[in-house]
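What follows is each chain in one-letter form.
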Amino acid sequence: MALKTTEVEAKGGQSRHRSLGLSDEQALRIYEVMRLARAVDERMWLINRQGRAPFVISCQGQEGAQVGTAAALRPGSDWVAPYYRDAGVVLWFGMTARDQMLSFFARREDPNSGGRQMPGHFGSRRLHIVTGGSPVATQLLHAAGVALASKQRKEDAVTAAFFGEGAASQGDTHEAMNFAGIHKLAVVFVCENNGYAISVPQSHQMAIQNVADRAAGYGFPGVVVDGNDVLACYEVARQAVDRARRGEGPTLIEAKTYRFTAHSSDDDDKRYRQAEEVAIWRQKDPIQRYAIYLREAGILQDPVEAEITERVNQQVDDATDYAEQAPDPTPDDLTTFVFKQEHKP
Amino acid sequence: MAVKTVIEAIRDGMDEEMARDESVFLIGEDVGNRGGVFLASDGLYKKYGELRVIDSPLAESCIVGVAIGAAVNGMRPIAEIQFADFIAPAMNQIIEEAARFSYRTAGDFNLPMVIRAPWGGGVHGALYHSQSIEAMFAHVPGLKVVAPGTPADAKGLLKAAIRDPDPVLYLEHKRTYRLVKGEVPEGDGVVPIGKADVKREGTDLSLIAYGLMLTYCLEVAEKLAADGISAEVLDLRTIRPIDRAAIIATARKTGKVLVVHEDTPFAGVAAEVMAIIMENAFDALDAPVMRLTGPDVPAMPFNHVLEEAFMPNPEKILAKARELAAV
Ligand SMILES: Cc1ncc(C[n+]2csc(CCOP(=O)(O)OP(=O)(O)O)c2C)c(N)n1
Ligand SMILES: [Mg+2]
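Taken in sequence, the protein lines are chains L and H.
Our numbering numbers the first residue of the first sequence as 1 and each following residue consecutively.
Our numbering numbers the first residue of the second sequence as 1 and each following residue consecutively.
For reference, chain L alone in the conformation it holds in the complex (with noise of 0.2 Å):
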């Protein structure tokens, strides 16, 4: 049983943001963040269409339910573990443009993995951002095993994990929210529901209209949202942290929402799905509508949306330049660090 579905524009109102403990700045942030999330993805197909890099994997589409649910966490204590399409989450948590470009150039310097994965494939100890493979599902139990330590430490430390509904198959995702359930983990599943694993439709997925019912499975809230409705994210967020923080346990958030690319750089999403189909949800672009509801709480005036567009411009074009220049791993790069040493060379 779905617990919440947040209406979409139904609360409307000049000052939503505030009503749910949000700053005009903190409001701002936010829609920068997902601003630089989709300027740096576009970025990355352009390159990769030019023949300058051989994969992308893109966030579009997805910003408002991967910002507005990082937003309710504390980046530097609290932990995510991604995944590939998170670009939002992580740029919250403290990563850069330049990371996310030289991770996307496989450069030697990509702190996510010295050039070793493919884009998409986030990782940082020092931003409490779990590194991530490249099968699915995996994270979930990592997340709940680092909310594992965090209890059995006493620290009030709350880890989301973000997958997708394709992901939500997998047995890993059964058995760690059966895990976070038994043990009231401070763990929040985020599944950003875009309707398709690769091209395979929700219906084939499961038989189910939400994957957010199965929490009453585990012991726990299920809440579906409207993924692209950033606030409302932040909302449904905002109540699963701090009840995990309360150590009331976990909460499963479905993020109704939708990809504008195809799958991958390697993938031709005509074969599966309809043009009109992906202009409808175009029209339901997340970034686009905060941006609406900004200017309506009168928080985005012309000039502090021509300042953000020139930062964020900037930022990407910075960080490719730099990327697309920065050396390449060494052939002696492909030995190391099988096991840990003390030292990167």
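Honestly, the hints are just simulated from the structure, not real lab data.
Think of the CB as a built atom: it goes at the ideal place given N, C-alpha and C, for glycine as much as any other residue.
There's no promise every hint is true.
[As the list claims (entries may be wrong)] Derived DEER-like restraints, expressed as beta-carbon distance ranges: (1) L:G94 to H:H139: 53 to 59 Å; (2) H:A271 to L:P331: 25 to 31 Å; (3) L:R245 to H:L51: 14 to 20 Å; (4) L:Q301 to H:P141: 24 to 30 Å; (5) H:V297 to L:D333: 39 to 45 Å; (6) L:S199 to H:L179: 53 to 59 Å; (7) H:P192 to L:D333: 51 to 57 Å; (8) H:A88 to L:E42: 39 to 45 Å; (9) L:P327 to H:A2: 56 to 62 Å; (10) H:V297 to L:G219: 41 to 47 Å; (11) H:L51 to L:R125: 36 to 42 Å; (12) L:E155 to H:G187: 46 to 52 Å; (13) H:N280 to L:R245: 54 to 60 Å; (14) H:A271 to L:E276: 55 to 61 Å.
We have chain L; now place chain H with the ligands onto it with these hints.
Okay, now just chain H with the ligands, sitting in the frame of chain L:
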């Protein structure tokens, strides 16, 4: 020095490490109140409480995946797989995740965690309570795999594994649990990972083994001595990183080597040992290197005739060793 069984040594090892370091904890099926199905953790639940001795749900991927997360966040988990035979559901977490956290982050992350798994046959355990899994996991770079055969090594290697900054698969042979007794030094007695041990010096031939086969090889060496054949017994103790130097040294010393394990032969540990000898000590050999292993069938049957036919035992090892000595 006190005389202990292997299972007591393992329990002592966990107990002492948990007392020494608050970040060490145990998670697995039935490890709590029950003390583990083999009583490896007997008494620890009472002593350390439910936050440090955790009865997991019946889900191996969960046990290992949660251990990984806890290790990320500053803990030193010991993840117990009830029987090595049931490790398959956790393969993805072990191979795709644990083994490459360090590599895939260029050293940003490391996982100080131990996966304990009771393994091996000769216990009427049939197909699903008898398996040897060392070769499958030793194939994976990023994992350390140890398989002690004596109480002192069991305790010392467990301590080393717990203190190690990387994931270690710790294999404890079920048949040795109460069969093998031996002196265990007072104090830490840490046994370094990656070091084989000459358990008996000899000059005519070398027997290389680990786990239960070590006990059998020592028995065989005694019998060979009665025949006037001096057998050296090298206990690998660690499967990976394998102690190349010790293998090469014994091969050079005796010129005749028999490798024994109960795991199936194809692409197994013996094959690797033989390759090391071929690459490094071919010129010192007086005979082709031999191996005696379990047969190439999927697993060990329940019926006692079939089980005995599967398992290497002292008689089979003795016959093979005499064959080698006669070359
Ligand atoms: C265990 C596993 N099987 C298959 C794949 C290949 N794969 C990568 S992403 C993906 C679809 C994932 O869909 P979903 O979880 O809904 O996330 P989305 O990409 O839609 O955001 C598949 C099949 C994989 N990465 N891991
Ligand atoms: Mg999906």
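Going down the list of hints, with the structure as the test:
no.: 1; hint: L:G94 to H:H139: 53 to 59 Å; verdict: violated, 37 Å
no.: 2; hint: H:A271 to L:P331: 25 to 31 Å; verdict: holds, 29 Å
no.: 3; hint: L:R245 to H:L51: 14 to 20 Å; verdict: holds, 18 Å
no.: 4; hint: L:Q301 to H:P141: 24 to 30 Å; verdict: violated, 56 Å
no.: 5; hint: H:V297 to L:D333: 39 to 45 Å; verdict: holds, 43 Å
no.: 6; hint: L:S199 to H:L179: 53 to 59 Å; verdict: holds, 56 Å
no.: 7; hint: H:P192 to L:D333: 51 to 57 Å; verdict: violated, 28 Å
no.: 8; hint: H:A88 to L:E42: 39 to 45 Å; verdict: holds, 43 Å
no.: 9; hint: L:P327 to H:A2: 56 to 62 Å; verdict: holds, 58 Å
no.: 10; hint: H:V297 to L:G219: 41 to 47 Å; verdict: holds, 44 Å
no.: 11; hint: H:L51 to L:R125: 36 to 42 Å; verdict: violated, 24 Å
no.: 12; hint: L:E155 to H:G187: 46 to 52 Å; verdict: violated, 33 Å
no.: 13; hint: H:N280 to L:R245: 54 to 60 Å; verdict: holds, 58 Å
no.: 14; hint: H:A271 to L:E276: 55 to 61 Å; verdict: holds, 59 Å
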